[in-house]
Amino acid sequence: MKVLVTGSAGFIGSSLSLKLIDNGYEVIGVDCINDYYDPLLKIARLDRHINHPNYVHEKVNIEDRNKINTVFEKYKPDRVVNLAAQAGVRYSIENPNAYVDTNLVGFANILEGCRNHNVEHLVYASSSSVYGSNTSMPFSIHDNVNHPLSLYAATKKANELMAHTYSNLYGLPTTGLRFFTVYGPWGRPDMALFKFTKSILAGEPIDVFNYGHHKRDFTYIDDIVTGVYKVINKIAAPNNDWDSDKPDSGSSSSPWRLYNIGNNSPVELMDYIKALENSIGIEAIKNLLPLQDGDVPDTYANVDDLIRDFDYKPSMDINEGVNNFVTWYRDFYGV
Numbered sequence: 001m002k003v004l005v006t007g008s009a010g011f012i013g014s015s016l017s018l019k020l021i022d023n024g025y026e027v028i029g030v031d032c033i034n035d036y037y038d039p040l041l042k043i044a045r046l047d048r049h050i051n052h053p054n055y056v057h058e059k060v061n062i063e064d065r066n067k068i069n070t071v072f073e074k075y076k077p078d079r080v081v082n083l084a085a086q087a088g089v090r091y092s093i094e095n096p097n098a099y100v101d102t103n104l105v106g107f108a109n110i111l112e113g114c115r116n117h118n119v120e121h122l123v124y125a126s127s128s129s130v131y132g133s134n135t136s137m138p139f140s141i142h143d144n145v146n147h148p149l150s151l152y153a154a155t156k157k158a159n160e161l162m163a164h165t166y167s168n169l170y171g172l173p174t175t176g177l178r179f180f181t182v183y184g185p186w187g188r189p190d191m192a193l194f195k196f197t198k199s200i201l202a203g204e205p206i207d208v209f210n211y212g213h214h215k216r217d218f219t220y221i222d223d224i225v226t227g228v229y230k231v232i233n234k235i236a237a238p239n240n241d242w243d244s245d246k247p248d249s250g251s252s253s254s255p256w257r258l259y260n261i262g263n264n265s266p267v268e269l270m271d272y273i274k275a276l277e278n279s280i281g282i283e284a285i286k287n288l289l290p291l292q293d294g295d296v297p298d299t300y301a302n303v304d305d306l307i308r309d310f311d312y313k314p315s316m317d318i319n320e321g322v323n324n325f326v327t328w329y330r331d332f333y334g335v
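Taken in order, the sequence shown gives residues 1 to 335; the numbers are from the numbering used here.
Among the clues, some could well be false.
Unchecked claim - With beta-carbon atoms standing in for the labels, derived distance ranges: (1) 230 x 161: 23 to 31 Å; (2) 56 x 230: 19 to 27 Å; (3) 66 x 96: 36 to 44 Å; (4) 212 x 51: 40 to 48 Å.
Unchecked claim - Cross-link-like lysine-lysine pairs, in silico, DSS-like; alpha carbons within 27 Å at most: (5) 2 x 230; (6) 234 x 195; (7) 2 x 19; (8) 19 x 286; (9) 59 x 76; (10) 313 x 230; (11) 286 x 313; (12) 76 x 2; (13) 234 x 19; (14) 74 x 234; (15) 195 x 76; (16) 59 x 2; (17) 198 x 246; (18) 286 x 215; (19) 19 x 76; (20) 313 x 198; (21) 286 x 76; (22) 230 x 76.
Since the hints were made in silico from the structure, they are not lab data. This structure is a prediction, so every number in the text was calculated from the model and none was measured. Cβ atoms here follow ideal geometry from the backbone N, Cα and C, with glycine treated the same way.
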């Protein structure tokens, strides 16, 4: 089976590419390797699989309609996993156009590629950010998510709606995955764990927003990849019990599905920092700050549907997961 993975030099995309290759799939990787964060880290991730005989790489930006169409025509993938996106809540406040270009225009190009080349299943990254101002915990895919707090969240909600349109009009099976705070080795430098580790090892203070009163459903990279892998191999199907008088937000009469992938076990930010301090062996200097614009105090994933449909639930212990990241970080940066 041929699987096209966009964002294949990214945190999740690179690890997913490795898992697919290890299980005998042919992988077509697409990544433009932009400079939103250190391209050398992206290249190092890519180096893990770029020379594998079952992997081929195309340095293409998904915003480029003609080049993306050429990739589909050349390789004719059976299934597609769209992980390419402009990520980050706070950067969406500074540079909204980047999110429109990649997350909306780029995603439309992927949908068109799938429609025009008979792709069996499109799996795409959504985000826990879509829950926005919701306060009912745990967050469920059956909840209304019409009140995003950042443009990033709004683009991810838009992706879910765009996918539904293609599932309805063209019968394209699509599955959206709402990721909850992914962390682990090879992670993104713009995320808290990476920033905290770098600062603590350098003896610099860390910025702790909302005075440390956040809770996050931290989800380990291997758990995320296993979940995505399972979803790829189960093509989205219509919900035959879907009722238009009482519409379910997580399924449809079209072949369209949504799932949360989270650890189902939220952790206080201060406990997360304590796990990091214990792993590094240094106490952090904490700069306590108020909640940032666009951020939410807590996230907590209801994963009942994931368990029901895939017999799967993320399970990595936070202390072990953080320690795995620190071990990787020290080795990768020679600290």
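query = Given the proposed pairing of residue 234 with residue 195, does the C-alpha separation stay at or below 27 Å?
reply = violated, 36 Å
request  = Verify the proposed pairing of residue 286 with residue 215, using a straight-line Cα cut of 27 Å.
outcome  = Cα-Cα ~17 Å, so holds.
message = Holds or violated: residue 2 and residue 230, Cα atoms, limit 27 Å.
response = The hint holds at about 15 Å.
Straight-line alpha-carbon gap residue 195 to residue 76, limit 27 Å = violated, 39 Å
ask   = Do the alpha carbons of residue 198 and residue 246 lie within 27 Å of each other, as the hint requires?
value = Given pair residue 198, residue 246 is violated - Cα atoms ~49 Å apart, limit 27 Å.
message = Can you confirm whether the C-alpha distance between residue 2 and residue 19 stays at or below 27 Å?
response = With a Cα-Cα distance of about 13 Å, the restraint between residue 2 and residue 19 holds, given a limit of 27 Å.
query = Would the pair residue 74 and residue 234 pass a check requiring their Cα atoms to be no farther apart than 27 Å?
reply = holds, 25 Å
inquiry  = Given a hint of 40 to 48 Å, does the C-beta separation of residue 212 and residue 51 actually sit inside it?
reply    = holds, 44 Å
message = For residue 286 and residue 313, compute the direct alpha-carbon distance and say whether it is at most 27 Å.
response = The hint is violated at about 33 Å.
inquiry  = Holds or violated: residue 19 and residue 286, Cα atoms, limit 27 Å.
reply    = violated, 37 Å
ask   = Holds or violated: residue 313 with residue 198, Cα cutoff 27 Å?
value = violated, 30 Å
request  = Would you mind confirming whether the straight-line C-alpha gap from residue 313 to residue 230 stays at or under 27 Å?
outcome  = Between residue 313 and residue 230 the Cα gap is close to 11 Å, so the pair holds against 27 Å.
Going through the hint list in order, the structure does not satisfy hints 3, 6, 8, 11, 15, 17, 20, 21.
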